[in-house]
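Per our numbering, the sequence shown starts with residue 1, numbered consecutively.
To be clear, the hints were calculated from the coordinates, so they are not data collected in a lab.
Some hints could be false.
[To be verified] With beta-carbon atoms standing in for the labels, derived distance ranges:
1) 133 - 154: 16 to 22 Å
2) 172 - 83: 17 to 23 Å
3) 117 - 45: 16 to 22 Å
4) 179 - 151: 28 to 34 Å
5) 159 - 67: 17 to 23 Å
6) 176 - 47: 17 to 23 Å
7) 126 - 32: 35 to 41 Å
8) 67 - 122: 26 to 32 Å
Since this is a predicted model, take the numbers as computed values, not measurements.
No residue lacks a Cβ here, since even glycine has one placed at the ideal position from N, Cα and C.
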Amino acid sequence: MFGKAGFAVSGFCALSVLAGAAMAGAVPARADAVDQANFCYVYTSGGQNDKAIEACSKAIASGDLQDADLVSALINRGVAYKAEGKLDAAIGDYTQALKLVPQDALVLSNRANAYLEKGDLDAAEDDIKKSLDIDPKSAAAWYVSGEIKDAKGEPGARKDYIQALALAPDNKTYQAKVAGK
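Using the sequences and the hints, build the whole thing.
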C-alpha cells in the first residue's frame, strides 16, 4: 500500500510540476505582451508613431493581453495611426476597441475626431453625441463637437468651445479657439 500511495503522490507531484512549468511558460508571454503594450504607450506619448505602431501591433497580435490592456493598446495604436494620417486604420482600431467597451466615451471621442479629419462628418457627429451623453464633462469631446459643428457650418460651435474651456481652463488650444485665434 505504501508503494502505491507513494506513487500516487509522486505522480501528483509530477503533474503539478508539469502544470507549473506550463503556467510559467504563459507568464513570460503575457509579460512580453504587456511590456509591448507599455512601450506602445510610451512611444505614442512621445510622438514616436512608427515605434508605437510596431509595439502596439506586437502586443495586440500576441493574443496574450487581457481586455483592458487590449483596449489601451488599440487606443494607443489608433492615436499613432491618426497622427500618421492613417485614418482608416485609426478608425478600425477604435471600432475594435468599442466592441470590448461600447460605452467608452474616450474611444468614441477619438473615433469621432478621426472621422472628422477624414471628412465623414455625420459619423463624427454620431460618435461625439454618444461620447457626450456618456461623459458630459469631457473637455476634449466638447472641443471635437465644436470642430464638427464648424466643419458642418452649423451654429453652436462657439458654445461648445466655451464649454470645453470651462472644463479645462488652462488648455491653450481651447483658449485660442474661444479668443478667435
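*Taking 16 to 22 Å as the hint, is the beta-carbon distance of residue 117 and residue 45 inside that range?*
20 Å, holds
*Given the hint of 16 to 22 Å, check if residue 133 and residue 154 actually sit that far apart at their C-beta atoms.*
18 Å, holds
*Between residue 126 and residue 32, is the Cβ distance one that fits in 35 to 41 Å?*
38 Å, holds
_CB-CB spacing for residue 83 and residue 172 relative to the 17 to 23 Å hint_ = 19 Å, holds
*asked:* Please check whether residue 159 and residue 67 have a Cβ separation lying inside 17 to 23 Å.
replied: The hinted range 17 to 23 Å is violated for residue 159 and residue 67, with Cβ atoms some 37 Å apart.
*Quick one: are residue 176 and residue 47 within 17 to 23 Å, going by C-beta?*
At 21 Å between Cβs, range holds.
_Please check whether residue 179 and residue 151 have a Cβ separation lying inside 28 to 34 Å._
With a Cβ separation near 20 Å, residue 179 and residue 151 fall outside 28 to 34 Å, so the hint is violated.
_Given a hint of 26 to 32 Å, does the C-beta separation of residue 67 and residue 122 actually sit inside it?_
30 Å, holds
Of the numbered hints stated above, those contradicted by the structure are hints 4, 5, listed in ascending order.
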